[in-house]
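Asker: One-letter residues, chain by chain:
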Amino acid sequence: GAVVSQHPSRVICKSGTSVKIECRSLDFQATTMFWYRQFPKQSLMLMATSNEGSKATYEQGVEKDKFLINHASLTLSTLTVTSAHPEDSSFYICSATVRTGGWEDEKLFFGSGTQLSVL
Amino acid sequence: EDQVTQSPEALRLQEGESSSLNCSYTVSGLRGLFWYRQDPGKGPEFLFTLYSAGEEKEKERLKATLTKKESFLHITAPKPEDSATYLCAVPVFSGNTGKLIFGQGTTLQVKP
Chain A
29 GAVVSQHPSR VICKSGTSVK IECRSLDFQA TTMFWYRQFP KQSLMLMATS NEGSKATYEQ
89 GVEKDKFLIN HASLTLSTLT VTSAHPEDSS FYICSATVRT GGWEDEKLFF GSGTQLSVL
Chain B
163 EDQVTQSPEA LRLQEGESSS LNCSYTVSGL RGLFWYRQDP GKGPEFLFTL YSAGEEKEKE
223 RLKATLTKKE SFLHITAPKP EDSATYLCAV PVFSGNTGKL IFGQGTTLQV KP
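Top to bottom, those sequences are chains A and B.
Residue numbering for the first sequence follows my numbering, beginning at 29 and increasing consecutively.
Residue numbering for the second sequence follows my numbering, beginning at 163 and increasing consecutively.
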């Protein structure tokens, strides 16, 4: 099946630094990529939706200047957490879709996630 | 408001003890319901997609069913390796843009 690769799997950083997370679709070109965050024992919360070559669409309450998303190609999207603070510590997961027809033909694949810990 | 609610929040079973997980939703114009399995520290792994009421899908010890208001994930004779968090999600659309809304998940623990 299709593979979405996410790196790094774990990152620990000091407060105030920026962290970049990469999400790659390895064997398909992704129509759209999504970024989620997940707090312990909670579900996935969508942060933003990005389409290749266009600006990301952020969900309400997500600071676009803090969570920078770049979707430079059909196989790569990056999430940069700028000036990270302890409250940004979370599990970040990307997903990528490929659609060959209508919604019923859309497949959604998830990366393995990145655990961010800000000290 | 579009919403997905899963119950129970946590479930402990003995190996071989069958049970069901529930996912209820309030979405106008349902266009599919997804079930995922998530292991600790990992991204969700796709299990099933259901598109219409009455539809059923099976995979090994899992069977997913769908009605107009809810979906069930039935686990028959579970094994310890079935222990995971099970998530359901429904797509919602704004114009041509679709996104998934997830339930909070059911954490299943199967004891040998």
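Don't take every hint at face value.
Computed beta-carbon distance windows for the label pairs [as the list claims (entries may be wrong)]:
#1 Leu96(A) with Thr229(B): 39 to 45 Å
#2 Lys94(A) with Glu163(B): 25 to 31 Å
#3 Pro68(A) with Asp164(B): 38 to 44 Å
#4 Glu220(B) with Ala100(A): 37 to 43 Å
#5 Ser190(B) with Asn79(A): 21 to 27 Å
#6 Pro68(A) with Pro242(B): 20 to 26 Å
#7 Met73(A) with Ser181(B): 39 to 45 Å
#8 Asp164(B) with Leu96(A): 26 to 32 Å
#9 Glu163(B) with Ser43(A): 33 to 39 Å
With a straight-line Cα cutoff of 30 Å, these simulated BS3-like cross-link-like pairs (lysine-lysine) come out [what the hints assert, rightly or not]:
#10 Lys92(A) with Lys273(B)
#11 Lys83(A) with Lys204(B)
#12 Lys94(A) with Lys69(A)
#13 Lys69(A) with Lys273(B)
Here are some, though not all, of the chain A residues that point toward chain B, as calculated from beta-carbon distances under 8 Å [as the list claims (entries may be wrong)]:
#14 Thr77
#15 Gly139
#16 Ser145
In short, the hints are calculated from the structure, not lab data.
Quick reminder that beta carbons are idealized off the backbone N, C-alpha and C, glycines included.
Asker: Against each hint, give a clear statement of whether it holds in the structure.
Answerer: Right, here's what the structure says about each hint:
1. Leu96(A) with Thr229(B): 39 to 45 Å: 42 Å, holds
2. Lys94(A) with Glu163(B): 25 to 31 Å: 26 Å, holds
3. Pro68(A) with Asp164(B): 38 to 44 Å: 24 Å, violated
4. Glu220(B) with Ala100(A): 37 to 43 Å: About 40 Å separates the Cβ atoms of Glu220(B) and Ala100(A), which means 37 to 43 Å holds.
5. Ser190(B) with Asn79(A): 21 to 27 Å: 24 Å, holds
6. Pro68(A) with Pro242(B): 20 to 26 Å: 22 Å, holds
7. Met73(A) with Ser181(B): 39 to 45 Å: 27 Å, violated
8. Asp164(B) with Leu96(A): 26 to 32 Å: Given about 27 Å between the Cβ atoms, the range holds.
9. Glu163(B) with Ser43(A): 33 to 39 Å: The hint (33 to 39 Å, Cβ to Cβ) holds, given that Glu163(B) and Ser43(A) are roughly 35 Å apart.
10. Lys92(A) with Lys273(B): 44 Å, violated
11. Lys83(A) with Lys204(B): Since the Cα atoms of Lys83(A) and Lys204(B) sit roughly 27 Å apart, the hinted pair holds (cutoff 30 Å).
12. Lys94(A) with Lys69(A): 24 Å, holds
13. Lys69(A) with Lys273(B): Distance of about 20 Å is within 30 Å: holds.
14. Thr77: 6 Å, holds
15. Gly139: This interface hint holds because 5 Å falls under the 8 Å limit.
16. Ser145: 13 Å, violated
Of the hints listed earlier, those the structure fails to meet are numbers 3, 7, 10, 16, in rising order.
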